[in-house]
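Please build the complex by placing chain B on the supplied structure of chain A, with the hints as guidance.
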Amino acid sequence: MRDVAVIGIGETRIGELWDKSLRELGIEAGLKALQDAGVSGDEVGMLYVGNMSAGELINQEHIAPMIADYAGLDDIPAVRIESGGASGGMALAEGYMAVASGIDDIVVVGGAEKMTDVDDVIAKNILSSTADQEWEVVCGATFDSLHAMIAQYHMNKYRTTKEQLAEVIVKNHSNASKNPNAQYPREIPKKLVVNAPMVSDPLGMFDCAPLSDGGAAVVLCAADLVDSYEGKPVKIAGVGHGADHIAVHDRREIGTMKATRIAAEKAYDNAGIKPENIDFAEVHDNYSISEIMAIEDLGFFDKGEGGPATEKGKTALNSEISVNTSGGLKAKGQPVGAVGINQAVEAVIQLRDDAGDRQVEDAQYGMTHNVGGTGASAVVHIFERWSE
Amino acid sequence: MTTPRFWREIEQRYRGIGVQCENCSRVYFPPREICPHCRRKSFGRMKEKELSGKGKILTYTKVHEPHPEYKMLTPYIMAIIEMEENVRLTGHLVDIDYEDVKPGMEVEVTMRRLGEESPKGIIYYGYKLVPVK
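Chains as they are written, first to last, in our numbering: chain A, 6 to 393; chain B, 569 to 701.
Hints in this document: simulated from the structure, not taken from any laboratory.
Remember, predicted model here, so these are calculated numbers, not experimental data.
Ideal Cβ positions, reconstructed from N, Cα and C, are used throughout, including at glycine.
Be aware that a few hints might be false.
[Claimed, not checked] Footprint (simulated), chain B over chain A, 3 or more residues, beta carbon under 8 Å:
{"id": "1", "region": "73-86"}
{"id": "2", "region": "128-134"}
{"id": "3", "region": "142-152"}
{"id": "4", "region": "196-205"}
[Unchecked claim] Each pair of labels, with its calculated beta carbon distance range:
{"id": "5", "chain 1": "B", "residue 1": "Cys592", "chain 2": "A", "residue 2": "Lys162", "range": "22 to 30 Å"}
{"id": "6", "chain 1": "A", "residue 1": "Ile127", "chain 2": "B", "residue 2": "Val662", "range": "23 to 31 Å"}
{"id": "7", "chain 1": "B", "residue 1": "Lys688", "chain 2": "A", "residue 2": "Ser45", "range": "27 to 35 Å"}
{"id": "8", "chain 1": "B", "residue 1": "Thr678", "chain 2": "A", "residue 2": "Asp359", "range": "56 to 64 Å"}
{"id": "9", "chain 1": "A", "residue 1": "Pro185", "chain 2": "B", "residue 2": "Lys624", "range": "46 to 54 Å"}
One chain only, chain A, in its complex shape (with noise of 0.2 Å):
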């Protein structure tokens, strides 16, 4: 196995993005990232695209030849990679490990969504199909109720409190408010978040992600081959995948996310360094509660710790550990199964040191944590500040 760097990145603006087509999406994204990276599509080995749902969304299967095809890469291989919501993060493992085994030296792994073209109450259900359609969702389970009984259980278990839940929500919206691509780039106040309209108990409609069109590309290059390209590398310093139960009901523990955990160990092993190394991550915070759990199952706080420690800012800019420092899927956009690369790309702009107003200053290493369904799936990857 060789080292493996991001040389090239680029993404739209995330939104409701009337004017712009899924496949406009991609190749905005793609061009961008080709450009940044210095790369010409005869030098690209093969595309990755991540994508949960066009077929359901917008009645399109086969994407990925598609917009290889609209991107001017028609004789480009091209492959659409699916796992729910950890769509992206999947493609980009998938793409890692082409480069890294020696199969190809260069690849290109997009995601793109486009939700908006069906109306917001379809585009939850096709969300909801990324849980047991059979056994949750048939029963009046929705994507939303069974995060809203993750969370009943996890305050339950842990006194975590809806006040907790909310300062997620704040801190992210803060963060996206010095994010220029993000689609709600404003802040926000915390009484507005804890007095919205219910979704599902205790979850409100600020703590749950929207539903949004975009998209987003990176470029991967062997290590070794980096200085042939004008792209400012970014090195993937480690991987991991992890699994769980494609049922709530059927994980013994619900107030942990078991494929979170898998998954960072095995990145965290990979890239020979622990959670105290890791100074900002960009986590799955499709909901207030997700990213509270997420922050323990990652290692960064103890089981049970993730709301107080949020509470007390330790997870806001330039503090103990910086997260989503994007705004993250809350408040950057969530264009599902683009949300691995959007947050591959965060990692790459802070590495770069090109965050501007919300730099995480002297960033080592950068975490991406991207969760398919409600926890069956997961995929964290490690990034490293290039050096010489």
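Below, chain B alone, put in the same frame as chain A:
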């Protein structure tokens, strides 16, 4: 959900038929071909087991933004319960006010209407949860 997709699971939805691993005695619902604990040792040893349908609430929520087919019931309560056989399921909790629901509360499954294929299609029945009186 189409008729055959529902029909295939009538044993589970109407009668609560799960399986028990003859190797470790663990019970699963819905049925699994393989016991995740015993794996190879459970081949051909997963035997049908009818569940008691009684259990306790592990966690719950009041749903305000519903599953599309539950729109008329909104807001409604969903719960994950742990049954006597140490197996869990997710279900719609009925015949109780949300304020009265507590973790650990005893509930049992009951047969109710779950939905319909279409206004002229078949009606789906299945289990819901009710408090033990």
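* Asked: How about the region 142-152 of chain A: do at least three of its residues have a C-beta closer than 8 Å to a C-beta of chain B?
  -> holds (count 9)
* Asked: How about the region 128-134 of chain A: do at least three of its residues have a C-beta closer than 8 Å to a C-beta of chain B?
  -> With 3 residues close enough to chain B, the hint holds.
* Between B/Cys592 and A/Lys162, does the beta-carbon spacing fit 22 to 30 Å? -> At roughly 27 Å between Cβ atoms, A/Lys162 and B/Cys592 fall inside 22 to 30 Å, so the hint holds.
* Kindly confirm whether 27 to 35 Å is satisfied by the beta carbon distance between B/Lys688 and A/Ser45. => The hinted range 27 to 35 Å is violated for B/Lys688 and A/Ser45, with Cβ atoms some 59 Å apart.
* Kindly confirm whether 46 to 54 Å is satisfied by the beta carbon distance between A/Pro185 and B/Lys624. => Holds, at about 50 Å.
* **A/Ile127 paired with B/Val662, Cβ distance criterion 23 to 31 Å** => holds, 26 Å
* Taking 8 Å as the C-beta cutoff, is the stated coverage of the region 196-205 of chain A by chain B satisfied by three or more residues? -> holds (count 4)
* Is 56 to 64 Å a correct range for the gap between the Cβ atoms of B/Thr678 and A/Asp359? -> holds, 59 Å
* **Stated coverage of the region 73-86 of chain A by chain B [criterion: 3+ residues, CB within 8 Å]** => violated (count 0)
When each numbered hint is compared with the structure, violations occur for hints 1 and 7.
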